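**Q** Model the full structure from these sequences, guided by the hints.
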Amino acid sequence: MAEKFDVCVVGSGPGGYVAAIRAAQLGKKTCIVEREALGGVCLNVGCIPSKAMITAGHFLQRMQHDAPTMGFQLPKEIKVDMSKLQDWKQSVCTKMSGGVAQLLKGNTVTVFMGEGTFTSPKSLTVKGKDGSKTIEATNFIIATGSRPIEIPGFTVDEKEVLSSTGALALSEKIERVVVIGGGYIGLEIGSYMRSFGSAVTVVEASPALLNGVADPDCVQVVAKKLKKSGVEVILGGKAKGWKKVKAELEVTIDVGGKEQIIKCDKILLTVGRKPNSDGAGLKNIGLQIDERGFLKVNAQRKTNLPGIFAIGDVAGQPMLAHKASHEGVMVAEIIGGANRAYDAKTVPAVIFVDPEIASAGLMESELKAKGITDLKIGKFPFGANGRAVSMMETEGFIKIIADAKTHIVYGVHIVGPEASNLISEAALAIEMGARLEDIALTIHPHPTLGETMMEAAEAALGHAIHIIQRPLTGAKSGEKHA
Amino acid sequence: MATQNVKLPDVGEGVTEGELVRWLVKIGDSVKADQPVVELMTDKATVEVPSPFAGLVKELKYKEGDVVPIESVLLVLDSDGAKSAAPATAAPTMSAAPTAAKAPAKAAPIMSANCGTGADFYPPVAGSNVLATPATRRLARETGVDINGLQGSGLAGRVTQEDVQKAKGGGGGVPAGQARLPMKDIPRPSVPNQGGSMEERVPLRGIRKKIAENMQMAKHIIPHFTLMEEARVDQLVLMRTQAKEHAEKYGVKVTYLPFIMKALIATCREFPMFNASMDDAAAEIVYKKFFNIGFAADTPNGLMVPVIKNADFKTVLQMSQEIGQLAGKAREGKLALDDMKGASITVTNIGSVAGLYATPIINHPEVAILGMYKIMDKPVWNGKEFVRGQFMNFTITCDHRLIDGAVAANFMKAFVARIENPSQLILDMI
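If you're matching them up, the sequences are chains Y and Z in order. Heads up: the first sequence begins at 0 in numbering that gives the first Met the number 0, then just goes up one per residue. Heads up: the second sequence begins at 0 in numbering that gives the first Met the number 0, then just goes up one per residue.
Source of the hints: derived by calculation from the structure; they are not laboratory data. Incorrect hints may have been included.
Unchecked claim - Restraint ranges, calculated between C-beta atoms of paired labels, are given here: (1) Z/Pro299 - Y/Thr93: 51 to 61 Å; (2) Z/Glu331 - Y/Lys282: 50 to 60 Å; (3) Y/Lys226 - Z/Ser127: 30 to 40 Å; (4) Y/Glu290 - Z/Lys31: 30 to 40 Å; (5) Z/Glu161 - Y/Lys226: 47 to 57 Å; (6) Z/Thr358 - Y/Ile371: 58 to 68 Å; (7) Y/Gly130 - Z/Gln193: 41 to 51 Å; (8) Z/Thr2 - Y/Ala298: 51 to 61 Å; (9) Y/Thr164 - Z/Ser127: 31 to 41 Å; (10) Z/Ala1 - Y/Ala298: 24 to 34 Å; (11) Z/Pro191 - Y/Pro446: 35 to 45 Å.
As the list claims (entries may be wrong) - With the C-beta cut set under 10 Å, the calculated list includes, among others, these residues of chain Y facing chain Z: (12) Arg146; (13) Phe293; (14) Asn297; (15) His406.
As the list claims (entries may be wrong) - For lysine-lysine, the following DSSO-like pairs were computed, each having C-alpha atoms within a straight-line distance of at most 27 Å: (16) Z/Lys167 - Y/Lys344; (17) Y/Lys295 - Z/Lys62; (18) Z/Lys25 - Y/Lys121; (19) Z/Lys57 - Y/Lys295; (20) Y/Lys295 - Z/Lys25; (21) Y/Lys344 - Z/Lys165.
Note that the structure is a prediction, hence the values are computed from the model and not measured. Beta carbons are placed, not taken as given, at the ideal position from N, Cα and C, and that holds for glycine.
**A** Below you can see the structure in the form of structure tokens.
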């Protein structure tokens with residue numbers, strides 16, 4: 000007998016579980032299907048564990064480099080018990096995933112563990128450990144997420160060629176690692192591995208790191224720090240293949256037509272992710288999929304089939320957890336009878352490299368492509384911020400881009416300490432349609448990193464206090480300064 | 000691709016526009032000839048407008064809440080593939096108010112995943128250049144306002160919550176031919192959302208919206224006052240009881256209402272300022288030379304005010320018959336536009352249910368409303384003993400701009416004299 004539900008969510012990542020909870024809150028009989036672990040990639044093998052490892056790496060670095068300056072007398076070599084570190088990281092994931100389980104239970108969402116496959120647009124079969132089950136639902140929310148891409152010559156085996164999942168699970172230090180792909184995942188994992196003492200070489204096929212995803216000025220700060228920390232970066236390098244020679248691996252890359260061999264112990268493949276639209280019987284029931292593999296959806300995240308919605312990575316860019324959650328709530332409310340459509344102005348993005356990069360809104364290049372060139376741009380360095388100096392984290396800046404006439408904020412780009420925690424103010428400003436003055440005239444507490452946002456807005460208006468801005472012209476608010 | 004425009008036909012009866020209450024079709028739907036496609040509210044009646052052609056809905060030209068002038072294109076049909084039926088007459092069914100009764104139920108949260116990748120939702124998504132806070136964007140969506148079409152009144156063209164509310168409350172509130180009065184100064188405060196399951200929000204639409212607008216306008220512009228009096232109605236009760244028996248032969252039920260109307264008409268002849276209007280736009284007092292008496296009817300759809308036209312030329316029997324018919328139509332939601340138009344003064348008998356007295360709201364642009372309440376027995380001292388007396392309470396609610404308190408008191412005195420003494424009523428009854 001098929002079990003009947005109002006709402007069935009396929010996938011329990013940050014899109015799926017959030018959608019399920021909201022649907023249940025709205026009184027819908029809801030179930031969720033998960034084939035691996037509650038919380039999906041994000042909580043188990045993505046955002047959360049990588050942040051745990053990055054935090055540990057950052058902590059180690061600060062002990063090595065900053066603590067002695069502050070007078071701490073620490074042994075020259077700080078030993079790390081990698082297996083204990085893994086245990087701690089795992090405890091973080093377990094705690095978060097357990098939290099999701101509790102929330103689902105508390106909201107009376109039925110959880111089915113197993114692989115879900117659509118047999119018709121109205122029914123799904125779940126094959127789990129205890130056999131298979133058929134679910135019928137009035138509404139389905141597909142939240143199957145995404146998975147890493149592979150490239151020719153490299154197949155992830157999690158032994159020699161690792162994906163992010165394998166890298167995060169390493170319980171020993173790797174002497175030499177080649178990271179293929181200089182995107183945010185490769186740089187995040189490569190950076191913390193470097194912190195733990197690995198020799199890291201990043202091979203990026205395009206001419207820049209974080210190409211097109213972050214403000215070039217921000218990337219420059221990170222590139223400099225990577226270099227300083229000893230990470231080797233090869234730009235314009237195409238990975239061709241690898242072979243095992245005795246105990247070591249040899250990776251062949253092509254740089255400007257010349258072949259080059261890099262020796263290492265592990266290869267980390269982080270060349271991007273692709274939507275999970277090829278499984279779960281999605282194609283069999285006639286769902287439309289675009290050429291990049293995303294399910295075709297409209298602004299309400301409705302697919303071409305009645306009663307089937309798609310959210311998160313499988314429903315389009317940007318593939319970010321918080322976008323998925325936002326969509327999850329929205330879709331659940333649409334099912335609940337509310338009129339909703341996706342109209343967010345910005346999805347803020349964070350890259351947990353050292354220092355962190357975070358952005359909201361548009362980059363200068365994107366504005367230029369739209370024909371918007373009359374801009375006011377303000378930049379304020381963390382080096383001039385009291386809190387940053389007292390934290391010994393002075394690299395980076397906040398850059399605010401606004402319309403020259405209306406002063407309405409188009410984009411904010413941060414590279415520096417706690418960029419991830421500072422960007423929400425910028426996202427709010429953009430959603431609210433704030434002007435530079437709105438940020439500049441909001442009193443920001445002292446001494447905090449947040450003051451940098453206020454000063455960057457002031458800088459865009461031409462009169463930041465804690466940097467010298469020229470020409471000095473007897474400043475009047477709103478007057479045009481160079 | 001052959002396309003055909005479906006226009007809002009001239010529904011007659013002086014109607015020049017209507018508010019779009021609800022689309023009955025969506026883009027991509029297949030429509031048969033004569034199939035109702037839209038629910039429209041004109042004056043106080045909700046009508047369903049059918050499409051004269053068959054076809055696939057290609058474009059909806061208006062959104063819910065819009066005011067649509069007659070002869071404008073409502074929607075575009077793609078007639079390819081659909082059986083090309085001969086254009087049927089596009090007369091809208093004027094007696095379709097039952098759909099209005101269904102509307103609130105539809106608006107309540109229901110399981111309706113109306114899918115498809117087309118733009119099957121409304122309003123469209125706010126464009127990237129729209130300057131409005133997320134809360135304002137949501138307000139626009141929930142109230143069915145296309146924020147892309149709004150001229151923001153805020154700094155740098157920011158669309159404010161008020162702009163959205165104004166767009167929602169948009170013009171067309173007062174039927175043509177009546178004095179249009181400025182409504183823009185009326186504040187439209189929001190009620191904080193309690194969130195979650197604490198409340199349910201339903202769009203203010205159709206007849207309820209019309210009632211709300213009319214009441215708000217009337218209370219806003221008319222300085223009301225109400226005078227209350229009781230009348231001894233023993234003789235009237237007797238007369239009505241006898242009349243009722245006679246009328247039964249004709250199959251007509253005679254109530255008190257036609258007698259009250261007759262007394263009202265006679266009294267209004269003495270006091271013409273009660274059968275009048277204030278034309279604010281022209282700064283003129285309009286004395287009416289006809290007696291169209293509205294009577295408030297409680298219906299499942301809300302308050303309706305059907306009108307006995309030229310009541311001064313009708314017999315009590317005729318009036319009774321007409322009242323019965325109109326009340327029946329009102330209950331069934333089948334009142335035609337014309338049934339509710341052109342009242343010169345109104346009577347409300349809500350008091351027949353409960354309430355010693357009420358303070359009714361005047362049906363603008365009228366200037367007075369008479370309230371009648373239930374008949375009660377009271378002891379009366381006749382000098383020797385207490386005897387049974389039957390009493391009925393009356394109120395007259397007046398527009399103080401035109402009618403002073405003393406005038407209202409004299410009006411009431413003259414009216415009550417006719418009620419208490421039917422022989423006097425007969426004398427000047429036409």
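**Q** Holds or violated: 30 to 40 Å for the Cβ distance of Y/Glu290 and Z/Lys31?
**A** holds, 38 Å
**Q** Assuming the hint says 50 to 60 Å, is it satisfied by the Cβ distance from Z/Glu331 to Y/Lys282 or not?
**A** holds, 53 Å
**Q** Looking only at beta-carbon atoms, does the pair Z/Ala1, Y/Ala298 fall within the given range of 24 to 34 Å?
**A** holds, 30 Å
**Q** May I ask you to test the hint 30 to 40 Å on the CB atoms belonging to Y/Lys226 and Z/Ser127?
**A** holds, 37 Å
**Q** Between Z/Pro191 and Y/Pro446, does the beta-carbon spacing fit 35 to 45 Å?
**A** Hint holds: Cβ distance 36 Å, inside 35 to 45 Å.
**Q** Given Y/Phe293 as an interface hint, is the shortest Cβ-Cβ distance to chain Z below 10 Å?
**A** This interface hint is violated because 12 Å lies over the 10 Å limit.
**Q** Does Y/Lys295 sit within 27 Å of Z/Lys57, going by the straight-line distance between their CA atoms?
**A** Holds, at about 21 Å.
**Q** Mind checking the alpha carbons of Y/Lys344 and Z/Lys165 for me, to see if they're no more than 27 Å apart?
**A** holds, 24 Å
**Q** Determine whether the Cβ-Cβ distance between Y/Thr164 and Z/Ser127 falls within the hinted range of 31 to 41 Å.
**A** holds, 36 Å
**Q** Can you let me know if the beta-carbon spacing of Z/Glu161 and Y/Lys226 is within 47 to 57 Å?
**A** holds, 54 Å
**Q** Are the Cα atoms of Z/Lys25 and Y/Lys121 separated by 27 Å or less?
**A** holds, 23 Å
**Q** Given the range 58 to 68 Å, decide if the beta-carbon distance of Z/Thr358 to Y/Ile371 lies inside it.
**A** Given a distance of about 59 Å, which is inside 58 to 68 Å, the answer is holds.
Checked against the numbered hints above, the structure violates hints 8, 12 and 13; every other hint is satisfied.
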